[in-house]
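A.B. asks: Turn these sequences into a full structure, and let the hints steer you where they fit.
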Amino acid sequence: MDSGETSLYPPINMMHDQNRWSFIRKVYSIVAFQLLLTAVVASVFIFVSPVANFFNNYVPIYVHTILIIFALFSVDYYHHKYPLNYFLLVIFTISLALRVGLSCVLASGNGN
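Residue numbers (UniProt numbering): 1 to 112.
Misleading hints may appear alongside valid ones.
Unchecked claim - Calculated pairs, SDA-like style, for lysine to any residue (alpha carbon to alpha carbon, straight line, at most 20 Å):
| # | residue 1 | residue 2 |
| --- | --- | --- |
| 1 | LYS26 | LEU37 |
| 2 | LYS26 | HIS80 |
| 3 | LYS26 | TYR78 |
| 4 | LYS26 | VAL90 |
| 5 | LYS26 | TYR82 |
| 6 | LYS26 | HIS79 |
| 7 | LYS26 | TYR86 |
| 8 | LYS81 | VAL27 |
| 9 | LYS26 | LEU89 |
| 10 | LYS26 | ILE69 |
| 11 | LYS81 | PHE23 |
Simulated from the structure, these hints should not be mistaken for laboratory data.
C.D. replies: Listed below in structure tokens is the structure:
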């Protein structure tokens, strides 16, 4: 490499441990928040039967699918826009959590 060229990836020894651990904490906290939100939505579906009945009877399944696809492509397109990317990630998580909650309600749970 000439002196004017820069590498796409910095050498390992130039990466600061603080930045690396900060990134790891950020990723794990986002994943933990997504899991917690999915568990909360699924438990609402399981324990509050009017909510499950409403989504089962009045909201078609393709509405969930369109919401998931919209949120997924929006998060991919706006991943560098700070407040918007987190909002779209929450929408994506909620839309998947709705599908998980509905699946939990509709599954028999007896292994058959």
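A.B. asks: So, for every hint listed, does it hold in this structure?
C.D. replies: To see whether the hints hold, each was checked on the structure:
1. For a cut-off of 20 Å, the pair hint linking LYS26 to LEU37 stands: about 16 Å separates their Cα positions.
2. Our distance criterion of 20 Å between C-alpha atoms is met by LYS26 and HIS80, whose separation comes to about 15 Å.
3. With a C-alpha separation of about 18 Å, the suggested pairing of LYS26 with TYR78 holds against the 20 Å cut-off.
4. For the hint linking LYS26 to VAL90, the alpha-carbon distance of about 15 Å falls within 20 Å, and the restraint holds.
5. Distance hint between LYS26 and TYR82 is fulfilled; the C-alpha atoms sit about 14 Å from each other, no more than 20 Å.
6. Of the pairs offered as hints, the one joining LYS26 and HIS79 holds, with about 15 Å between alpha carbons and a cut-off of 20 Å not exceeded.
7. Distance check on the hinted pair: LYS26 and TYR86 sit about 12 Å apart at the alpha-carbon level, within 20 Å; holds.
8. For the hint pairing LYS81 with VAL27, the CA-to-CA distance comes to about 17 Å; that is within 20 Å, so the pair holds.
9. A C-alpha spacing of about 14 Å is found between LYS26 and LEU89, which places the hinted pair at or below 20 Å, so the restraint holds.
10. With a C-alpha separation of about 25 Å, the suggested pairing of LYS26 with ILE69 is violated against the 20 Å cut-off.
11. Between the alpha carbons of LYS81 and PHE23 the distance comes to roughly 17 Å, so the proposed pair stays at or under 20 Å and holds.
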